[in-house]
Amino acid sequence: MPNYTNDTKAVPSKRSLIIALVFLIFSILILNLPTGIQQQIGVIIRGSVLRPFVITQESIVRRRIHIKSTEDLQKQLDSISSVLSSQNNLAEENDRLRKILNLSEKFLPTYVAASVVRPGIQGSEGMFLLDVGRDQGVVYNSPVIMGQGLVGVVKESRNNNSLGMDWTHPEFRVSAMTLDGTVYGIVQASQEVFKESYRLLIDGIPFYQELGPGTILVTSSLGGVYPRGIPIGTVIEQAESRAGWRRSYWLRPFVSPGEAMHVLVLASREKFEYINDIWFQENLITSENDSVKGSQIQNPKSKQAGDQGS
Amino acid sequence: MKNNHKFWIVVGILAFFHFGLHLGLGLGSNAPDLLAVALLISIRELDIGAGSCLGFLFGIMEDAFSVLAFGANAFAFTVIGIIGSKTRNLFVGDSLGFMAVYLFLGKWCKDFLHWIVAGESLRGSFIDVMLVGSSLAAVYAASVGLIVIVVSGIGWDTVR
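As given, the protein sequences belong to chains U and H, one line each in that order.
If you read the first sequence in the working numbering, its first letter stands for residue 237, the second for the next number, and so on.
If you read the second sequence in the working numbering, its first letter stands for residue 143, the second for the next number, and so on.
Bear in mind the hints are in silico, worked out from the structure with no lab data behind them.
Warning: the hint list may mix true and false statements.
Claimed, not checked - Coverage of chain U stretches by chain H, computed from C-beta distances (three or more under 8 Å per stretch; other residues unrestricted):
no.	region
1	357 to 370
2	410 to 420
Unchecked claim - So, partial list: chain H residues that the calculated Cβ filter (under 10 Å) puts toward chain U:
no.	residue
3	165
4	166
5	191
6	192
7	238
Where is the CB? At the ideal position from N, CA and C, for every residue including glycine.
Chain U extracted, bound-state conformation (with noise of 0.2 Å):
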């Protein structure tokens, strides 16, 4: 019978226990830091230790995109030669009668085309990284869309990368409205059945407007993140009506965010800090029509300028 002998293993040092309520604090304050500190630590990490694992995707990603069958390029390069042909005329119509009405030019938003990366890993569902960022213009509350429509926004937003949340986020709001904007609500993500199978919900309908099956759905550019007009999805039925308060429709997606690998991100959100020149050159412009000088809004650039000259 082997003597009796103390596991050395079996008593944990006292060192070891501080060791492991260290980090167990450590944790515990990680969870509980400013959202900013918390970004910083993941770009840290996802710049360092899973950068050699974020290349191999996006590299995997782009073969993918050049696999892509050329007769289906060809095809959708067709009809957008078409659609732009066929336009021709209606932007020559429109700019001759801007300069009729004496209005500046549009003032039209600039996209970037962007490879999609899944990370795939627990706590990222609904996250995707895009290989374009600040420099590129992207920032912040940048919308992201595929071809047929809204894939999410843009959370997150470094040099040359960046961090977008899709629809299927929990988190995920988009202000919607009919196509004639007659109708509008809030679109969220919700569950089907099983996990994996999203679908949306439009909700905030007020009862006495009705959404028939089949009806389009499209950004209203309320709020001031997704610009107006990027389809969003189309009513299948009512999910829930309030009696005399207000309706709620499931929608089914123009984009599965699961296929997108080749997006468009909007990156002329920093130009939009203009707005307030054209706004004013606009007014200056109507102003003078009118020949109400006494009541001119300048613009205040002009206005310093004026008094400095002065």
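Given chain U, put chain H in place with the hints provided.
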């Protein structure tokens, strides 16, 4: 710990494959949670301090892509690292059956802790996420973990 180099190589390979499959190849939930497997196997050999440290490091790496529940994985992995290292003292079982149950419960408890601290707005229903999703993921992880244990002999005294 009898074979220090072999132990850390196996843990490193599991962590590498975890991020390689989930992040590099983008397989998501189609790949097993090898990080949980690596932690659960390694804490059978480590003391409570090293177990919590390894759990914390694994968790914070997993949290790197989580914007709204940052730290949830770090907390879950650290707690599992602490509790798991105590199981060696509480349970002397060393059979494959015991290890299968240990891996299953370890992975399930880790997911449960994450589910609790992730916040109400982010977590799904308990039945969908925990009873169905996490149970299946735990079976998957336990199966892979058993293969790793049998092949490497790490975390299982009988085969060495």
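Going through the hints against the structure:
Chain H is given as covering the region 357 to 370 of chain U, and this holds because 6 residues of the stretch bring a CB closer than 8 Å to a CB of that chain, at least three being needed. Evaluation of the coverage hint for the region 410 to 420 of chain U: breached, as 0 residues show C-beta separations to chain H shorter than 8 Å, against a requirement of three. Because the beta carbon of residue 165(H) sits about 4 Å from the nearest beta carbon in chain U, less than 10 Å, this interface hint is met. Proximity of residue 166(H) to chain U holds as hinted, the smallest CB-CB distance being about 4 Å (cut-off 10 Å).
A distance limit of 10 Å between C-beta atoms decides the matter here; for residue 191(H) the minimum to chain U is near 3 Å, and the interface restraint holds. At about 8 Å, the closest approach between the beta carbon of residue 192(H) and any beta carbon in chain U falls short of 10 Å, and the interface hint on this residue holds. Taking 10 Å as the C-beta cut-off, the interface hint given for residue 238(H) is violated, the closest approach to chain U being about 22 Å.
The earlier numbered hints that this structure contradicts are 2, 7.
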